[in-house]
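Protein chains in written order, with this note's numbering: chain Z, 1 to 774; chain F, 1001 to 1161; chain P, 2001 to 2279.
To be clear, the hints were calculated from the coordinates, so they are not data collected in a lab. Some clues are possibly wrong.
[Claimed, not checked] Partial chain F-side listing against chain P, Cβ under 10 Å, derived:
{"hint": "1", "residue": "Pro1019"}
{"hint": "2", "residue": "Gly1042"}
{"hint": "3", "residue": "Gly1045"}
{"hint": "4", "residue": "Ala1057"}
{"hint": "5", "residue": "Ser1058"}
{"hint": "6", "residue": "Ala1065"}
{"hint": "7", "residue": "Glu1070"}
{"hint": "8", "residue": "Leu1072"}
{"hint": "9", "residue": "Ala1075"}
{"hint": "10", "residue": "Gly1104"}
{"hint": "11", "residue": "Ala1111"}
{"hint": "12", "residue": "Gly1130"}
[Said to hold, decoys possible] In silico SDA-like pairs for lysine to any residue, Cα to Cα no more than 20 Å straight-line:
{"hint": "13", "chain 1": "Z", "residue 1": "Lys65", "chain 2": "Z", "residue 2": "Lys146"}
{"hint": "14", "chain 1": "P", "residue 1": "Lys2259", "chain 2": "Z", "residue 2": "Lys28"}
{"hint": "15", "chain 1": "Z", "residue 1": "Lys28", "chain 2": "F", "residue 2": "Asp1081"}
{"hint": "16", "chain 1": "Z", "residue 1": "Lys282", "chain 2": "Z", "residue 2": "Pro118"}
Here the structure is a predicted model, which is why all the values come from computation and not from measurement. For each residue, glycine too, the CB sits at the ideal point set by N, CA and C.
As a plain string of letters, each chain reads:
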Amino acid sequence: MPDARGLRVVGHSVDKLDALALATGGEKFAGDDLPQGTLYARILTSPWAHARILRIDAGAARQMKGVRAVITWEDVPRVAHTTAGQGFPEPSPYDSFTLDNKVRFVGDRVAAVAADSPAIARAACEAIEVEYEQLAPIFDPRDSMKEGAPVIHDEPEARMIVPAAYDKSHNMAAQVTANVGDVEAGLAGADVVVEREFEVHRAQHCHIEPHVALAYVDGRGRLVIRTSTQVPFHVRRIVAERLQWPIGKVRVIKPRIGGGFGGKQEVLVEDIPAVLAIRTGKPVLLEYTRAEEFVSARTRHPQILKVRAGAKKDGSLTAYDLDILMDTGAYGSHALTVVCNSGSKTLPLYRWQNIRFRGTSVYTNLPVGGAYRGYGATQAYFPLEVLMDELAEKVGMDALEIRRRNHIRSGEGSPIFQALGEGSEGVAQTIGSCGLAECIELGAEAIDWKEMRGKAALQNGPIRRGVGMCCLMQGSSIPRVDMGAAYLKMGEDGTFNLLMGATDLGTGSDTVLAQVAAEVLGIPVSMMTVYSSDTDLTPFDVGAYASSTTYLSGEAVAKAARQAREMVLEVASEILGCPVEEIELADAHAVARDGRKVHFAQIGRHALYVKNQRQVQGAASHITRKSPPPFSAQFAEVEVDTETGQVRVLKYVAAVDCGTAINPKLAEGQIEGAVLNGISYALAEEYIFDPRGRMLNNNLNYYKIFGAADLPDIRTILVPTWEPTGPFGAKSVSEIGINGPIPAIANAIYDAVGIRLLKTPFTPESVLRALGRL
Amino acid sequence: MVNVTLTLNGEKTACTVLPDEKLLDTLRRLGRTDVKKGCGEGTCGSCSVLLNGRLVASCIVFTAAADGGEILTAAGLGTADNPHPIQSSFVKAGAVQCGFCTPGMVLAAKALLDVVPEPDVQQIKLALDGNLCRCTGYVKIIDAVQSAARTLAGKDEVPHA
Amino acid sequence: MGRIQHYERPQKLDEALRILAERKGKACVLAGGTSLALRLPPGVDTLVDISRIGLTGLEDRGDSLAIRACTTVAQLAAMPQSRQLYGGLLARAALCVASTPLRNQITVGGNLVQVMPWSDLPGVMLALDGQIVIQGPSPRIVPLRDFYAAHPRNSLSAGDLVTEVRIPKPVGRVQSSFVKVGKTAFDYAGLTVTVVAWLSGNEVRKCSVALGAVRPLPVRIPQAEEEIVGRIPTRDDMIRAAARAAGVLEPSLDFRYSKDYRRQLIKVWVKRCLHEALA
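Construct all of the structure, not just a fragment, from the sequences and the given hints.
The following block contains the structure:
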C-alpha cells in the first residue's frame, strides 16, 4: 500500500496560509469594513411559540427618524423554500418563508427593519404593533404525531420536493426506514439482548462569529451579498429563488469565516438584508446577536432513540433495531438527512447480521434543528456504543474485544451503504482503508486501559475514577451528489493562483488544498495564492459540509493541478529542448535527465511572453462514488464525585484514521476542537425553556461552553492509512471527533460508579439521581 | 457627547463619543476591525484589548471611562511584516483556525507573559479563561503560549511565520 | 445606548459626592461598569465615573484592613495581603470571580454593591465580618451583616457612595476555605461556601459559615456555626453542621438547578469546607 512518506508538501504541517494575517488582525470578516452609509437591519421575532398574525401595523415604526424600511409578510414574495443549504433538489421540506403570517416558535421572524443605527433599528422593532391569535403549541416530540395535535405547517405550500415521506397534517417532517435481514429472528436467536431508550439533547454551535451578512445592489444592478456562510453557491441559488431575482444577478462573496460547524450551512440571514438593500438602495448589514444565535439560528436536533441489540455468547452480533424520533423544531431544515445519517453513519460500523432502522422527524414549536458537526451520527453513537459495552458485559467479554471482533474491515461492505443515503438510496461501497484496529490498540495503550478499566471497586472515598471508550466512523462527502471544482493558473513569476468554491470556514481547507496542488506541481505552498470563494470568480462547489472538502474538493484540485502540470511540462520541454517524459518537477524547477533545470518563474514568463504564448492552467471538477469513512477509537478517563454528581474528564484520547493527514497539525486541530466541543456538549451545554417555549439561557453566561480552564488532557493520535480514492490517500477528519465524548464518557461513568446514563447531558444532578442520592 | 483621547496602538487618537458608548463600538468605528464582537456581553473575549496593559472585554468598557488610556489591539501588537513572537507562535503551533478569537487570544497571552514570563499550563489556562475558542479545543493555543514564553525568554529561536 | 446625557469624571471624592447630591436619583455611580454596560437603572441620565478619585488599593486602618471600592478583583487577587491573611482566602475567592478580563474590570465595591445572587465576594466579606464604609449626606459604617439584611439598593440613598470595605485583621490562628460551584470554571456560581475558623489551640473560638447563590443575598448560617464553635469539631459535628445548613434555607428559584440538588450541594460542600478549614 502506498503511503505519504516521501511527499514533500502533503503530510507536512505547513503554516496555515491565513494564520499570520488572522493573528495580526489583518484579515476581514463579513462584518468588517462596511461601506459608507450602511444601514443596520434587525428582525422582530415572535414572543409566542405558535400563533397567527392577525394584524401587523408598522406605521409608527416607518415614521421614526432614521428608519429606512420596514418589511412584513405583506411586503415580500411568498416563496416556500428550505433554509437548509443543500444541493438542488434539497432533501428538506419546503416549509419556510422569508416572512409569514404565522409564527411557529419563540424567536421566529415577524418583521424586519433597516435603520441608520442598530439602536434605531431596535427601537423601530419595538414600535411595530402585532396582534396575535395564539395557537396551541407542541413542545414534546412525542406529542407531535398524536391524533388531534395542532398542525404546525397548515399552509398549503409546505411540501417535500424529493420523493420522501412527508406528512405535514401529522407534523411529520420526514421519515426513513431500512431493513437488513430479520431483526426479530436475530433477537430471538441471540443469547443476550439489551433494550434501552436513550435521549440526546439540543445544543448550539456557538461559532464565535455570529451569522452576519451585508447586502447591496452594485452600480450595474446586481445584488451583492458578503456573508458568513459555508455554502456560498447554495446561498446564491436559494436567495435568488426566495426573492424571485435572476440568479445571474446575484453575487455571493465569502470572506474569512469565524467558524461554522454546520450552523452556517444554513441560508439563514441573507434574504432579509437583500430585500432591504433592494428596497432602500443602500448597503444593509444583518448581524445576529448572541441571543438570536441561540434562539433564531439552528441547533443540534434532539433525538429519542429506542434500541434493541442482540449478541451470541461468542460476541457475534445478531441484531440491531434502532427507532429514532427526532425533534426538528418548527421547520424541517435537514430533518430527513440528519436522521438518515443517524443510521447510515453508525450502522455499518459493526457486522450486525440483521438490522432494522426507522427514523422519524417531527415538528414541534421549538427552535429549529439544522446541520451540526457530526450530523445525526453524534446522536446515534450514544446508544450504539453504550449497547456494545452492555453486550460485552453480558457475554463476559472485554469492551475492546467485542469491538475488535465485529468492526468492519478493509475490503468489506455493508448493506447499509446501499440502503441509506442522504434522503434517498445510498451507494454501495466497500471499505478501502480502515485503521480502526490500530486506533483501538494505540488508544488503549495511551489511556492505560488494562490498568485503569474496572478498578473502581478498589477505590475509596466519594470520588471514583473510571475509563470508557467507543469506536466511530463517519463519511467523506455525499457520493454522487456533492461536486467540487477548482481552477489553477500560473503567473509570470511561476506562482499559482488556486481559485475554488470550496469554502474555508476556519478549518484550514485553503491551506490543505493548496498543499495538494503544490504537491502535484512540485512547488512549495508559498508559491500558491488561494482564493475561496466568490460565486462570480471561483468555480462551483457545494460548500463545506458532509466532511467533503479535503476528500472531494481536494480531488478536484488534484485533477486541475495535474492538468496544469501537463502544461508546465510542455513549456519546460520547449525551453529545455527535451521530451516531457524526460522532465521531472521538483522544488519549483523542471529538471531534465541531464541535470539541466529551469525555474518555474522562467516557465511562467516563457508561457506568457516568449513563445506559443498561452495561459498555463487547469480546471477540473469532481464527484465521488464513495464516501470512505474515517475511523476513530476514543477513550475517556473520568472522575465522578458521588456526593455532588460532578463528572470531570481527566484525560481524553482520540486515535483517528483519516487516511493521509495532509496537514497533520491542522488535522489534530480538527480533532481536538471537535472533541472538546463534544465533551462540553456531553457535560455542560443545554437549552432550558420556560413553559411557553421561551429559552431561558439564551446567552453565554447561562449556556456554558468549555473554556481553556475546563480543558482536560486531550491527546490525539493520527493513525495513517491510505485511501485509494482520496487525494494522496486522504479521507475526512472534521466531524468524526465530536461523536465520541458522549458514549466514551457514559461508558467511563459506568466503569467508575456503575450507573448507565441514558439521557444527555450528564449533569451533576442527573448523575446524582441515577446514583439514587437525590 | 464626550470628548475622549486614546493612545491607540501608539497613536494619539481624539474622538467624540456618546456618554454610554462602548469601547468596542468606538474602536470598530475608528477602523480597528481586528477587535471582534462575539457576544456583546463580556463573556466570549473576542473583543479583548489591553487597556493600560490590562486585558479587558472592550464590549463592556465605557469609552469615556478609557479616556487618556493606552489601548493595544492585535494589530498594534505586531503586523504581518513584523509579528510579535506570540503571534508567530500561534501560527507555528497551529493555534489559529477560524481566527475570530485569535486577536483577543494573543492579547490575553501577552497580558499573561508580561507578568508571568514562564507560566505553567494551569496559569495559562486561567489567563485564557475569558477568551472562548470553539475551533481548536485550546490544545494548540496552550502550546503556542508555552512556545512564545520560551521565545521571549530567549530560550528558543524566534519562529519565522 | 443614547439614554445617558452626561458623563461626569470627578477628580476628587468631594466632587463625586457633590455631583451625586446635585443630580439626585438621576446619577449613577460608574466604577468597573460591567453591570452598567449591560443594564442601566431606570431614570438615570448621568454616569459618575469614580475611577479617578483615589479609591484604589489597600490601607491599614489599625485593627482592620480597608479595601478601597475601586480596587479591581484582579488587583485584590494579586495583593500580598490577600494571599497571606486568612489563609489566602481573599486571593482564592477573587480568582474564582468571572474571568481574567472581567477580573480586571469588576471592582470590589461594585461586586459588593451591585450584588447579584451569584456574586462571589459578598459571601466572603460577610464571613470575615466586613464593614461597608459609605460617604455622602450621612456618612456611616455598616456591618455587612446589616448591609445584606435587605438589598443594598434599598438602603443606599441617591447621594451615597461606598468608598471601601473593611476587614478586621485576623487575631490568633485563623483558617479558612472557599468553594465555588459552577458548570464550568467561568460561570455564575450555583453555590459559594466560605468557612472561616478562629482557633485557640484546636478549639474553635469563633466560626463563620457563609453561603452565596442560595438566596438573593449572601447569608451566614448561625445554625451551622454553633455546631462548630466552642469545641474541637469532629467529623460528625461537621456533618451535623452541614445538614443544618442544608435544612435551614429554602434555596430561591434558579432555572439551572433544582432546589433539592442545591440542598445536596450545600450539605456536601459545607461539610467539605469545614473539613478543609479545620484540617
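(Q) Hinted pair, alpha-carbon criterion (20 Å max): lysine 65 of chain Z, lysine 146 of chain Z. Please report holds or violated. (A) The given pair, whose Cα atoms are some 50 Å apart, is violated under the 20 Å limit.
Q. Do the numbers back the hint for alanine 1111 of chain F, that is, is its least Cβ distance to chain P under 10 Å?
A. With a closest approach of 7 Å, the alanine 1111 of chain F hint holds.
Q. Holds or violated: is the Cβ of serine 1058 of chain F closer than 10 Å to a Cβ in chain P?
A. 9 Å, holds
Q: Classify the hint on alanine 1065 of chain F as holds or violated, based on whether any CB of chain P lies nearer than 10 Å to its CB.
A: 5 Å, holds
Q: Using Cβ atoms only, decide whether glycine 1130 of chain F comes closer than 10 Å to chain P, and label the hint accordingly.
A: 3 Å, holds
Q. Taking 10 Å as the limit, does the beta-carbon of alanine 1057 of chain F come near enough to a beta-carbon in chain P?
A. With Cβ-Cβ at 4 Å, under 10 Å, it holds.
Q: Have a go at the leucine 1072 of chain F hint: is there a Cβ in chain P nearer than 10 Å to its own Cβ?
A: Leucine 1072 of chain F check fails; min Cβ-Cβ to chain P is 13 Å, beyond 10 Å.
Q | Per-residue hint verdict: alanine 1075 of chain F, partner chain P, C-beta under 10 Å | A | Interface hint status for alanine 1075 of chain F: violated (18 Å vs cutoff 10 Å).
Q) Between lysine 282 of chain Z and proline 118 of chain Z, does the CA-CA distance stay at or below 20 Å? A) Given that 20 Å is the threshold and the Cα spacing comes to 15 Å, the pair holds.
Q. Against chain P, is glycine 1104 of chain F within 10 Å by beta-carbon distance?
A. Nearest chain P Cβ about 8 Å off; hint holds.
Q | Hint check, glutamate 1070 of chain F versus chain P [nearest Cβ-Cβ separation less than 10 Å] | A | 14 Å, violated
Q) Should the hint that proline 1019 of chain F touches chain P count as held when the rule is a Cβ pair under 10 Å? A) 4 Å, holds
In this structure, the earlier hints numbered 7, 8, 9, 13 and 14 are contradicted, and the remaining ones agree with it.
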